[in-house]
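Asker: What follows is the residue order along each chain.
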Amino acid sequence: MTAFGLAAVVGGMFAVGTFLLLRRDLVRVVWGVTVLSQAANVYLLTMGGIVLGMGETVPVLAHHGGEPPQTADPVVQALVLTAIVISFGMTAFALVLSLRVYEENGSLDLSKLEGDA
Amino acid sequence: MSLTSGAIPVLVAVALPFLAAALVPLLWRVLGERTGYAGAGVALVSFSLLAGELGREGTVAVPWIPSLDVALRFHVDGWGLLFALLASGIGVLVFLYSATYMHGERGLRRYYGSLLAFMGAILGVALAADLVALFLFWELTSVASFLLIGHHDGDAESRYAARMAMVVTVVGGLFLLVGFLLLVVASGRAFGTETFDLTAMLANADAMRAALRETGLFLPALAFVAVGAASKSAQVPLHFWLPNAMAAPTPVSAFLHSATMVKVGVYLLGRLRPLFLGVEWTLLLVTLGLATMVVGAVLAVASTDIKELLAYSTASHLGLMVAGFGFASAAGAETGAFHLFNHALFKAALFLVAGIVAHEAGTRRLDELGGLRRDLPFTAVVAGVAALSMAGVPPFNGFYSKEYLFKAAYEAASAAGGLWWLYPTAAVVASIFTVLYSARFLALFFGDRPEALGEVHRPPATMLAPPALLAAVAFVVGLAPGLAVDVAVGAAIDATAVGAPEFDPHLPTELSPPVAMSVVSLGVGASTYPVYGRVHRAIRRARASAPALRPNWWYDRTLGGIDRVGAELLPRIQTGLLRTYAAWALGAAAALVVAGYVAAGVALPTEVGVDAPPATLVVLAVALVGAVAMTRAPSHVVGVLALSLLGFMVAVFYTLASAPDLALTQLVVETLSLLVFLLVLEKLPEYYGELDRRLALRDAVLSLGVGAAVFLTVLVSTRGPDGETALARYFVEKAVPEGGGTNVVNVILVDFRAFDTLGEVAVIVMAALSVLTLLTMRRRGESP
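These protein sequence lines map, in sequence, to chains A and B.
Its first residue numbered 1, the first sequence is counted upward by one per residue in this note's numbering.
Its first residue numbered 118, the second sequence is counted upward by one per residue in this note's numbering.
Hints listed in this document are in silico derivations from the structure and should not be mistaken for laboratory results.
For clarity, every value in this text was computed on a predicted model and none was experimentally measured.
Be careful, since some hints might not be right.
To be verified - Some chain A residues judged to face chain B by a derived CB distance under 7 Å, without partners named: (1) T2; (2) L6; (3) V33; (4) S37; (5) A40; (6) T57; (7) V58; (8) A72; (9) P74; (10) V96; (11) N105.
What the hints assert, rightly or not - Below, a sample of chain B positions facing chain A; criterion: calculated Cβ distance under 8 Å: (12) H753; (13) G764; (14) G824; (15) L844.
Backbone N, C-alpha and C fix where the C-beta goes; we use that ideal spot for every residue, glycine too.
Chain A with its partners taken away, still in its complex shape (with noise of 0.2 Å):
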């Protein structure tokens, strides 16, 4: 039933961030780009099943040598920890942009941006 909990919660954060998007404060569009990148980043990591932290679980191996024990899906974190870091780069670049757009435009509404103003 847990799981239904969780497609609940990507589910409603996917829906708040097109919500944002739409919105014609151009702030809240970077808003909804952040919470739709990081819906996403928590839907990828549940894909690769969640494993609740409990030490042996943790893909950081303990010592050198020996078997080594079954891990959280490591592919999946190296995957969702780009994405992290990517995104940070994207959010800082679009508010830089949105504060260019209002420096030239005088205005962040974007029903008055439309065409090449």
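Put chain B on the given structure of chain A with help from the hints.
Answerer: Chain B only, in chain A's frame:
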């Protein structure tokens, strides 16, 4: 590939015009308007090289896409050579003529460049033996023709005509491409492997025909090829672009619209004839050809302009050739091949004569011209020979090929009977109208001279010599048709016919049915000529009363409709508003995902693999609360704090889900993000977000839809903790021995996938540079 003929001359003959076209800007700098003579020289070189190949047969191939067996493959045989020699030979004359006719025009660099490229493309079509190469050359002729028809680019009529020719012939070309691909599919059945090699297909025509029949592709392939050929060769109902194309300069009309471009379709039909011969072929092409022959001839009589008359007449004669190739008998192939040759000679001459008349008399209107024989005596002789040939009067050359059409039609009708008698009847009717408009053309030179016609100068020798030469050749062919057969036409007929027919055209010595048909055509035509004016007006009235019968009307309506729909649709799709694009993209993606699940019959799992520990759920629920709070945030600062709440909760989630590295990264990134947000927000206005209720409701519905699609996706695509993948196992096991580190995630990032990480770092550096640029450029006062 066998190489029985000289390979180099053929390649040079095709490549030289293209090379020269590329060099025209340089040549122009040196030669100026004399570039026309250089063009004639190029055409002459190609002509001589190809003439040296007469009587030979062979293939030369330059590999292009070997894995698909596509090559720039050229095959030399009688039929290809006849067409290539006509194109390059008439090309010489047209370039000579252009040098005088186009004197003082602007845009001559483009004109000569396009004309040379066009000639190269035609030689390519004539000699190509690979379907891909053939198709490319075919479309190149359309492009070059677009440029040439639209030469007077300041003139709306020219642009309209150029676009029309382009649309009709290129769309027809796409049909042809489909037809070619069907042939390739059939070749797979016939030979075991699919090939684009046309020579191989023709060498095994029987096997190809059988394969086409077995795969059920015979009719589709035939239909697609026929549409392609008909569009290029102006067959009914696609004939309407040809009279419009008369907006082109006259030398272009003489070259493209009498001898080469419009013959490409006929050429291809002759080329593919052995693959398709059968009753369907005959019914389709003979009907198409004779319908065009009649309609073209009737509309030529209705013309008011010299070039319009010649254009409709060309369509009519193209119909004659198509019909000829349609008949399965040897006489059919003889009609098609011999008339292609004869028509090129007399029609190019007539167009050049029309150019002289327009150039010297200053008008092309038929009712303003007449009795020019006193002003242009030599031109009158040339026009006489060519027009009598067009009418099919013995002993001029047009007579022989038309006689063979009568023979083929009569033989087919008397063998099959019934409705087949319509074929010879239609041929005779069309010939009567042909005699009528040929006489009308002659009346330009004979008959009374209108008083309004001003002074008419004699043309310079460079303009008179080309049509005179063509008429002289036509006259010689008329007197001694066997000569033409021996030199070029005979080999062409052998290549297009099945078997080896005996071809011996000569003047009739006894009254056979075809001869009787000729007599009837000439007799009725000549006796109707006195009432030409009434026939002319009656046709014009009939045509004006029913515009929906004119394909041109349909073309205008279709294109106009497309333009209107496009103009109305564009602002609706491209609103310039981000929300429109985002809404459509996200909504469509969600709809497609759900539709995909429905189509694939994916059932909702009752027992889902992921068993999320309750603690993680609580944390994520708090994150969701943060997210929802963002949508209702009264100010930017509150929203950013809510965003941070979400981010930190996700970090906690990572900790709980056995991903400490992610948690660490997320914490650092969230802290930085918060700082960046706060720094930027300081400079931004406080708040914009009054919610429009109606809009918010609509967005909420869309958002919930997207959320629902994601909900489904999470449910059907996640797996349980027990199923460790082979990939995960591999990295866990190899981390220490091959990466030398115990932190598996780190080893993957900096060792196994180090290049990916390098790329990622590059992205971050680029983002940092962009941020820096955006911030500093404005301060330095530079505009973006």
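Asker: Check the structure against each numbered hint from earlier and tell me which ones fail, lowest number first.
Answerer: Per hint list: 3, 4, 5, 11 violated.
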